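> Sequence:
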Amino acid sequence: MARRRKKHIEPPEDHNRWLISYADFITLLFAFFVVMYAISSVNVGKYRVLSDSMSEAFERKGAKQSTSELTEGEGDSSLPISLGEPATSAIEPIVLDHFITAEELRDVEISEEVLEERRRLGRIAEQFASALESFIADDLVEVKKNDLWVEIEIKSELLFASGDAALQSKATPVLKKISEVLQATENVIYVEGHTDNIPIETIEFPSNWDLSSARAVSVARELVYNGTNPARLAAVGYGDNHPIADNKSAEGRFKNRRVTLVLISNSLARYGGKDNTRTKEVVE
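Residue numbers (our numbering): 1 to 284.
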């Protein structure tokens with residue numbers, strides 16, 4: 001009897017083996033893109049600095065180069081890229097324009113306020129000079145100014161009799177004109193009384209200091225009567241302690257006997273022109 005040959009049965013073909021190769025390919029492709037990303041990633045801060053520098057350089061120098069001019073002579077050659085090393089710039093570093101900080105901006109604003117205050121004081125001085133022109137021409141009034149205040153210096157002979165603190169009738173016109181100019185201002189006003197060095201010893205005025213103080217008060221009261229806000233006024237008597245001329249001569253003593261109105265810059269005054277208004281204090 002013939003032996004039956006066993007039929008060889010081949011195992012079924014596995015159709016999913018391609019997944020292994022595909023997974024390997026995807027893994028390699030992922031690794032490739034990771035490497036490419038690492039190579040091409042840019043430090044944003046350094047890129048902005050470089051970009052701004054180049055833009056500023058071209059704007060300043062007016063350099064205009066076409067793409068062909070920039071690439072001319074390079075051919076197909078390429079520069080190697082080294083990982084971890086910063087790119088070198090082909091141009092010299094340029095100092096960027098200084099940006100204004102918040103503190104510097106505040107200083108600029110303060111400076112503008114100071115400049116405007118100086119201009120305003122200048123305009124006030126011009127108004128006084130115009131209003132008091134006739135008295136200035138007779139050397140009875142003098143208007144002075146600087147960056148911090150305006151002074152209206154009035155000779156005592158225009159205001160008072162010798163040794164007296166009561167205003168004379170001829171004092172009314174000049175004080176009225178001064179009051180009219182003061183209506184448009186808000187500055188603090190110091191009314192300062194001054195005398196010569198000749199002593200005075202009366203029951204009413206035991207000293208030059210008493211006389212100068214009383215005269216300053218009299219002028220301040222007249223200004224209030226003419227409409228000046230009393231909150232803006234301060235009366236001060238200096239006696240003969242601040243002469244502006246030599247007391248040895250009659251002419252010098254004439255100059256020293258005076259009442260001075262000082263309009264203080266709002267940056268210096270303790271109280272502003274308006275009631276209950278304090279000016280800013282700068283503490284260093």
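Calculated directly from the structure, the hints in this document are not laboratory data.
What you are looking at is a predicted structure, and each value in this text was computed from that prediction instead of being measured.
It is possible that part of the hints are untrue.
Unchecked claim - Below, a list of computed lysine-lysine pairs in the PhoX-like style, where the Cα atoms sit at most 20 Å apart:
#1 K177 - K155
#2 K248 - K144
#3 K177 - K145
#4 K177 - K144
#5 K155 - K176
#6 K145 - K155
#7 K170 - K155
#8 K248 - K170
#9 K155 - K255
#10 K155 - K144
#11 K155 - K248
#12 K145 - K255
> Looking back at the numbered hints, which does the structure fail to meet, lowest number first?
2 and 8
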